[in-house]
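Asks: Those protein sequences? They're chains A and B, same order as listed. For the record, in the first sequence the residue sitting at position 83 is 83 according to the numbering used here, with numbers rising by one throughout. For the record, in the second sequence the residue sitting at position 106 is 106 according to the numbering used here, with numbers rising by one throughout.
No lab work stands behind these hints, which were simulated from the structure alone. All values derive from a computational prediction rather than experimental measurement. Just so you know, not all the hints are guaranteed correct.
[Stated by the list, open to error] From chain B, some residues computed to sit far from chain A (all C-beta separations above 12 Å):
| # | residue |
| --- | --- |
| 1 | 18 |
| 2 | 41 |
| 3 | 42 |
| 4 | 58 |
| 5 | 61 |
| 6 | 72 |
| 7 | 74 |
| 8 | 114 |
[To be verified] Straight line, CA to CA, 25 Å or less: simulated BS3-like cross-link-like pairs of lysine-lysine:
| # | chain 1 | residue 1 | chain 2 | residue 2 |
| --- | --- | --- | --- | --- |
| 9 | B | 114 | B | 71 |
| 10 | B | 107 | A | 44 |
| 11 | A | 62 | A | 51 |
| 12 | B | 56 | B | 71 |
| 13 | A | 27 | A | 71 |
| 14 | B | 42 | B | 107 |
| 15 | B | 68 | B | 107 |
| 16 | A | 62 | A | 44 |
| 17 | B | 42 | B | 114 |
| 18 | B | 71 | A | 44 |
| 19 | B | 110 | A | 44 |
| 20 | B | 42 | A | 44 |
| 21 | A | 44 | B | 114 |
| 22 | B | 56 | B | 107 |
| 23 | B | 42 | A | 27 |
| 24 | B | 68 | B | 56 |
| 25 | B | 71 | B | 42 |
| 26 | A | 27 | A | 51 |
Glycine residues also receive a C-beta, built at the ideal position from the N, C-alpha and C atoms.
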Amino acid sequence: NAGVMQNPRHLVRRRGQEARLRCSPMKGHSHVYWYRQLPEEGLKFMVYLQKENIIDESGMPKERFSAEFPKEGPSILRIQQVVRGDSAAYFCASSPRLAGGFYSYNEQFFGPGTRLTVL
Amino acid sequence: GESVGLHLPTLSVQEGDNSIINCAYSNSASDYFIWYKQESGKGPQFIIDIRSNMDKRQGQRVTVLLNKTVKHLSLQIAATQPGDSAVYFCAENPPPGGSQGNLIFGKGTKLSVKP
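For reference, chain A alone in the conformation it holds in the complex (with noise of 0.2 Å):
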């Protein structure tokens, strides 16, 4: 059983480009989450999605950033218009099951990640 895809592992864009990173969970997964990681910081949390919903992007900036986790494919986090700042790890994870509750709890996978690197 394969673990989270991610590609690519090393992403080049220069100011105003946009960026795709792509993710595939693993088999059997159907919940997504992305997180940026900030050099020498932990995970930021930005968005949760499940097939075809987003459930959850209270982490995700307002502007430029949107994510989808189509029906068929792999999820898409999709930076428009990149700025240096936007240069980081970002790690997607997923889980069988949703989160809460004392029977589930969110087991999250995460992928090897995508260095953005923005000129």
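Since chain A is already given, all that's left is putting chain B on it; use the hints.
Replies: Below, chain B alone, put in the same frame as chain A:
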């Protein structure tokens, strides 16, 4: 010993010694906690988890302790090995009502194992 650097606290231990990594979490209503290990250039790797109805859980060479009174988690690694060198993050799962999905990560501790 333990020191606070510019960004990440660092813990240096001798190979074979036990390591204790500490974490303070933010939400007293969080009901699930996870420790992750992150090696340079890689994604976080699950180590061990614990639910709020427990105060201790043991895995292979690792033990997690939960003190809900002071909102504190610790990760104990027995007989630390060079391969344990990494950054360790605790994460909490806040209750539903707000977000059901996201994990809240701590700042991380860098563990350096000296051979």
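Asks: Which of the listed hints are not met by the structure?
Replies: 2, 3, 9, 21 and 25
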